[in-house]
Amino acid sequence: MHVYLPIAEMSVSVLVFLGLGAAVGFLSGLFGVGGGFLLTPLLIFLGIPPAVAVGTGAAHIVASSVSGAVTQFRRNNVDVKMGVVMLAGGLVGTYIGVEAVRLLRKAGHFDVAVSLLYVTFLGVIGTLMLIESLNSWRNVNAGAAAARRRSGQHNWVDGLPLKMRFTRSKLFISAIPPAVIGMFVGFLAALMGVGGGFVMIPAMIYLLRMPTAVVVGTSLFQIVFVAAFAVLLHAIQNRTVDIVLAMLLIVGGVLGSQFGAIAGEKLRGEQLRVMLAALVVVVAMRVAFDLVVMPSELFSFGGRT
Amino acid sequence: MRLRAVSFAGLAMLALVLVQSNASEAQDSRLPVESVEADVSTRSVSITSGFTGTEIIIFGAVENSRQPSAEAGTYDVVIVVEGTHQPLVVRKKAQVGGLWVNADQVRFASFPSYYAIASTRPIDEIAEHDVQKKNQIGFEHIRMVRSGRAYIGEADPLETIEFREAVVRLKERDRLYVTAEHGVIFIGRSLFRATITLPPNVPVGPLTARVMLFKDGALLGSYKSNVNMQREGLERFLYDSAFERPMLYALATILLAALAGLGAAFAFQRSAPT
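Protein chains in written order, with my numbering: chain A, 3 to 307; chain B, 13 to 286.
There may be inaccurate statements among the hints.
Here are the simulated BS3-like cross-link-like pairs (lysine-lysine), alpha carbons at most 25 Å apart as the crow flies [to be verified]:
no., chain 1, residue 1, chain 2, residue 2
1, A, 108, B, 104
2, A, 165, A, 108
3, B, 105, A, 108
4, A, 108, A, 172
Computed Cβ-Cβ distance ranges for the label pairs, DEER-style [said to hold, decoys possible]:
no., chain 1, residue 1, chain 2, residue 2, range
5, B, 47, A, 111, 20 to 26 Å
6, B, 145, A, 298, 28 to 34 Å
7, B, 187, A, 111, 27 to 33 Å
8, B, 192, A, 273, 53 to 59 Å
9, A, 277, B, 107, 21 to 27 Å
10, A, 101, B, 58, 33 to 39 Å
Treat the hints as calculated values from the structure; they're not laboratory data. In this text, a Cβ means the ideal position worked out from N, Cα and C, and glycines have one as well.
Let's have the full structure, built from the sequences with the hints guiding it.
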């Protein structure tokens, strides 16, 4: 069964895109990430124009993160105050990001810029996560208690003003680092067509030292609004949100993410992190491969101008 | 009224005389000159949610045909169906610091979004290159205007040909430029027909169909017709919304997405035995 996509202007198989949404949604629920870092490259691989993939991917992220955020919220795993502070920065970053997409597309460097961002961020963060999570997994297996928070350790973050008390995270820190992290992630989100969980979750754990229990929920909570804002900007600025494609991905995605969340309950945090890290590294290597190996077709059409 | 009828009759007479004198000059015979009449099976193609490509049939007849049978091959027919002409940017990758990046780009002011050509036999056998070029028959003779300006790097003007070939290659890959060398078939002494396939990814916009009649490498007559192609129903509503009311369109998308997410979260909570 096929359906014609009004913005992408092509006829696609309903089942393929429902399945893609479900698969990405499952991982999204499992790891607490938007899943965009998988969805956007896969959509492009299936022939969706890159700009439409980025814009429509944002709509899919709204749905799967709402679904995941509600589930986490009911388990009291969302630090709303922290989420709002990050969101304030996130909206600014998203605006700058969508503007950067427009300028890069005009200059003809969008594809390469996105690929380089994928390789850099997914590669570095994935590798660091993999090393760290493997170490902590080994420690847990050896019976040693995982060092959750090294008390007494201070860094420059503690010296910043605008200190706020984040009760749910049991933190008393400046509002500036979370807002800056939010802004940076919002920028990447708009540019890469991702939710940004893969950057935000490590940042929350390692930089803000938030308890792992609230990291996933708070990240999802913030992603809901950043992704919604990205949909709005992409639709208005670039006309690249395909509502039919979005609905196909969403129907698959919301179901998948519920199963993912349930599956996530059965796995330990360390295991989840090793798996997520491995997945991130694989995607980074795949994108790097395309950048380094000579393409079979050197020519391509520029996007809609 | 009467005056008009009289002037019409006069004009018709004049035209007849002109045609006959023309015919006697060109053909050096008393036989009436051949011409072509044609039409398309459908004047409008609707793009709906279920659109998976379509076929249009172009049929026509050679007036005053002198060929003894359908197989005689006295006449050649070339049919060209073109989409709207649009500006096009073509980019070429090159290795920079070990990475394959877009290094050169050429902007063409106009290139047909779709180009299908069907003929009774390969076009090079039908007419010389200058005739092909004059009538814009074949991928090589598609009229294109290069409008320089927006470069990433400085593509050498001589390299434009490379970019031009790339357009044709990429369009052929997407089945948007198609050739059917024996796509036009004579059914009788004068009747012919051809089927043109529009793929699912055909760019939406009006199509122009040109039917050209050749004999001994010379163009005897041609006929032009238009086919409308437009979005219909839900497809049209969504497209118009996205382009004319993007804010509303975006909010509707977000609302649907959020409701789907919420719906799933609550549905699962009720059914889950937690």
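Here is how each hint holds up against the structure:
At roughly 15 Å between alpha-carbon atoms, residue 108 of chain A and residue 104 of chain B fall within 25 Å of each other, so this suggested pair holds. With a CA separation close to 42 Å, the supplied pair residue 165 of chain A and residue 108 of chain A exceeds the 25 Å bound. A distance of roughly 16 Å separates the Cα atoms of residue 105 of chain B and residue 108 of chain A; the hinted pair therefore holds under the 25 Å criterion. Of the pairs offered as hints, the one joining residue 108 of chain A and residue 172 of chain A is violated, with about 46 Å between alpha carbons and a cut-off of 25 Å exceeded.
At about 54 Å, the beta-carbon gap between residue 47 of chain B and residue 111 of chain A misses the expected band of 20 to 26 Å. Range check, residue 145 of chain B to residue 298 of chain A: Cβ separation about 31 Å, and the 28 to 34 Å hint holds. For residue 187 of chain B and residue 111 of chain A, the Cβ-Cβ distance of about 29 Å falls inside the hinted range of 27 to 33 Å, so the restraint holds. Separation of residue 192 of chain B from residue 273 of chain A is about 58 Å and conforms to the stated range, judged on CB atoms against 53 to 59 Å.
Distance hint check: the CB atoms of residue 277 of chain A and residue 107 of chain B are about 35 Å apart, inconsistent with the given range 21 to 27 Å. Distance hint check: the CB atoms of residue 101 of chain A and residue 58 of chain B are about 37 Å apart, consistent with the given range 33 to 39 Å.
Figure legend: structure checked against the earlier numbered hints; hints not met, in rising order: 2, 4, 5 and 9.
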